[in-house]
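A.B. asks: Here the protein sequences line up with chains B and F, keeping their order.
The numbering of the first sequence is the numbering used here, which starts it at 1 and goes up by one.
The numbering of the second sequence is the numbering used here, which starts it at 205 and goes up by one.
These are calculated hints, taken from the structure and not from any lab test.
Don't be surprised by glycine CBs; every beta carbon is placed ideally from N, CA and C.
Certain hints may be false.
Derived DEER-like restraints, expressed as beta-carbon distance ranges [claimed, not checked]:
#, chain 1, residue 1, chain 2, residue 2, range
1, B, ILE49, F, THR231, 17 to 25 Å
2, F, LYS257, B, LYS21, 57 to 65 Å
3, F, ASN325, B, ALA187, 43 to 51 Å
4, F, MET222, B, ASN85, 47 to 55 Å
5, F, LYS321, B, ARG145, 55 to 63 Å
Just some of the chain F residues that point at chain B, by a computed CB distance under 7 Å [claimed, not checked]:
#, residue
6, ASP279
7, SER327
8, ILE330
9, LEU388
Subject to a maximum C-alpha distance of 25 Å in a straight line, what follows is the list of computed DMTMM-like cross-link-like pairs (lysine to aspartate or glutamate) [to be verified]:
#, chain 1, residue 1, chain 2, residue 2
10, F, LYS372, B, GLU102
11, B, LYS84, F, ASP343
12, F, LYS372, B, GLU140
13, B, LYS50, F, ASP332
14, F, LYS273, B, ASP190
15, F, LYS380, B, GLU55
16, F, LYS241, F, GLU289
17, F, LYS242, B, GLU55
18, B, LYS20, F, ASP218
19, F, LYS350, F, ASP389
20, F, LYS380, B, GLU116
21, F, LYS207, F, ASP218
22, F, LYS273, B, ASP33
23, F, LYS398, F, ASP343
24, F, LYS257, B, ASP190
25, F, LYS372, B, ASP164
26, F, LYS383, F, GLU400
27, B, LYS123, F, GLU255
Each chain, written out:
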Amino acid sequence: MAEVSQDSGSHKKGGKKRSKKMSTRIDFTPMVDLGFLLITFFMLATSLIKPQTMEITMPSNKKVEEEDKTVAKASQAVTLILGKNDKVFYYFGKTEGAQLLETNYATYGLRKILLEKNFDVAKQVEDLKAEKAKIRMEDEIFQKRLGEIKANKNAPVVRIMVTDEANYKNLVDALDEMNICSISRYAIVDIDEPDLQLIKEKNI
Amino acid sequence: MPKVKIKRKSTWVDMTAMCDVAFLLLTFFMLTSNFTKKEPVLVTTPSSISEIKIPETNVMTILVDPTGKVYFGIDGQDRRQQLIEKMAATYKVNLTQEEVKRYTLLDLYGNPMQAMKAFLNLSPEIRDLPQNNFGIPADTTDNQFKKWVKFAREVNPELRIAIKADQKTPYAIIKKVMKSLQELDENRYNLITKLETAPGQ
Numbered sequence: 001m002a003e004v005s006q007d008s009g010s011h012k013k014g015g016k017k018r019s020k021k022m023s024t025r026i027d028f029t030p031m032v033d034l035g036f037l038l039i040t041f042f043m044l045a046t047s048l049i050k051p052q053t054m055e056i057t058m059p060s061n062k063k064v065e066e067e068d069k070t071v072a073k074a075s076q077a078v079t080l081i082l083g084k085n086d087k088v089f090y091y092f093g094k095t096e097g098a099q100l101l102e103t104n105y106a107t108y109g110l111r112k113i114l115l116e117k118n119f120d121v122a123k124q125v126e127d128l129k130a131e132k133a134k135i136r137m138e139d140e141i142f143q144k145r146l147g148e149i150k151a152n153k154n155a156p157v158v159r160i161m162v163t164d165e166a167n168y169k170n171l172v173d174a175l176d177e178m179n180i181c182s183i184s185r186y187a188i189v190d191i192d193e194p195d196l197q198l199i200k201e202k203n204i
Numbered sequence: 205m206p207k208v209k210i211k212r213k214s215t216w217v218d219m220t221a222m223c224d225v226a227f228l229l230l231t232f233f234m235l236t237s238n239f240t241k242k243e244p245v246l247v248t249t250p251s252s253i254s255e256i257k258i259p260e261t262n263v264m265t266i267l268v269d270p271t272g273k274v275y276f277g278i279d280g281q282d283r284r285q286q287l288i289e290k291m292a293a294t295y296k297v298n299l300t301q302e303e304v305k306r307y308t309l310l311d312l313y314g315n316p317m318q319a320m321k322a323f324l325n326l327s328p329e330i331r332d333l334p335q336n337n338f339g340i341p342a343d344t345t346d347n348q349f350k351k352w353v354k355f356a357r358e359v360n361p362e363l364r365i366a367i368k369a370d371q372k373t374p375y376a377i378i379k380k381v382m383k384s385l386q387e388l389d390e391n392r393y394n395l396i397t398k399l400e401t402a403p404g405q
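In isolation and in its complexed conformation, chain F is listed as follows:
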C-alpha cells in the first residue's frame, strides 16, 4: 500500500476577476437600456422595415388589444392632470385629489369615464386584470375616445400620435379609431412596429 499522503490543495478561488466582469456587464445594461413601460395588455405589434424611432416625449399612445379594447395615455404627469380634470368636468365625474394623483401615475387608461372612480380605487395589483378593463368607448353613440384625443391635443399641442395594436386586431376597430382621428383632423400618426430586416440586406 503506497504510503503517499495526498496533499490537500487549497480550494479557494480568487473571485476578483469575476466581480469585475459582473460589474462591467451591469454598467453596460444600466447605460444602454431603458425601462420598459408597464402596459395593461401585452401586445405583439406587427413588424415592418421602417427604422424611425418613436419619440421619447410628447407622445399620445393609443393601445388596441386583440379583443378590441382601446387604451389611451399621454406622457407628463402635469399634462395628465390637466387632461383628467377636463375629462372629469365634461363627464361630470367627481374625483378627489388623491384619485387624480393616482391617475397621473398611470401610463395607459382603458375604461369608460363612468367607471373611472371605481377603477382608481382598486388596488394596483388587480387593476390590470382583463375584467377590470373595458376599453374606452369609440362608437358613434358614445365616442369618449374622441374627447380624450381632443383634450389631449388642447393640453399639449405638440403631441405625436402613436398607435400600438396587436397583429390580430380586426381592422374594424382600427377603422373606428382612425375615423375618430380623421374627424378631429388628426391625419398624421405613427404605427408602432417591430423591426424587420429589409429584404436583400
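Okay, chain B solo, but in the shape it has when bound:
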C-alpha cells in the first residue's frame, strides 16, 4: 500500500504535484489612498463650525402713547455715536450742553467706560456667574436671577446712534459690548436734530 505522505512542501520533486501555497495577504495601499481622498473631500466641502447669531430686537415703528413710553433719568442715559474710522463718541445725560468725549473699541476704551457706569449690575452678574460655576446652578434659575439683576431701576440706558460712515463691524462690536457689560436696556436709534448739530460742531 502506498503510504500517504502527510508532510507537504518538504519535497517538491517526485511527490504529488501540489499547487503552490498562495499568499493570502492583500495590499491595502489603494484602500488608504481612497480613504484619504474621501477625508480630503469632506474636509474641504464641509465645515465643523456652525455660524453663531446675535439676536436683536428693534423698537417698533408704531406710534407709542406718551404715557406708555418709559422715561429714563438723565443721570442714567448714555449716548454712543459710532463714527468713521472706528471712533466712538459718547456723552452722558441730555443732548443740550453735553460734553462729547471720544474713545475706541479696545478693552481700555468703550468697555472700561461702560463697566464703570454699570458697575453695580456688572459686579452682581460677575458674582452670579461665579456662583453658578461653584454650586452648578441650573440654567433656568440662572436666567431668572440674571433677569432680576438686570431689572435694576438704576441701571444705565444706552442709546446707540450710528453715522453713515461707520461700518457694520462697528455696530456689531457696540452691540457685543452691551452684552459683555450686561447693559440691560439699550436701543439703536436714529440720529435726531440736536445730535446732528453736535456731530456737525465736532466735525466727526
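With the hints as your guide, set chain F onto chain B.
C.D. replies: Leaving out everything else, chain F in the frame of chain B:
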C-alpha cells in the same frame, strides 16, 4: 574585501492600521460636520461673544456684501417656488417651469426682478460672477427687497430673519435694510457672527 552579502530585507509595510485610522477620521468628519452652503459672495462676518446657534430651518437669509449688494433667500424648495411665483406675478415676469425649478435650487438670489429671466438662463459657473449680480434694489424708489420679505413672510409665517453682512459693509446700506424691515414690522432678527471668546474666560 568582506564577502558578506547584505541580506535583502522585505520592504513591504503592512498598511492595515493606516487604513483603520483613515476610516476613523472619515467617520468623524462625516458625522460631525455639515455641508457649507455655497454663497455668491464670500463674506467675513464680524465676531461677537454671542453663542446662540442659527436655526437650521425656517430661516430667511439676507446677505449684504461689502459693496452694498443685497442677496435674499429662504430655505425649502416648495416655499421658494411659492415665493417666486408671487414675485413673478407682481413684477409681471414670465417664467417657464424650467426656470422656476432652477430658482428653487438657488440658496441666495441677488438681482432685480427684471433681470431674473436672463440670470436663470446663465450657466451655473458664471452665475456667481460679480458682473452678473447687481443686488436686490432696496431704495425708496424701487423697494423690491421689501416685497421679497413680505411675500416670504406670507409663504412661511414662522421664518426667522438672519442678516449676514461683511465687516466692512457701510452702515448706510444696513440702515436701508433695517428700515425696510421696520416698515414691514419685522423687529426681531438675528445677526450672523463669528465666535469670539468672552473676555476673562
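A.B. asks: Checking against the hints above, which ones are violated?
C.D. replies: Violated hints: 6, 7, 8, 9, 12, 20, 21, 22, 23, 24, 26; rest satisfied.
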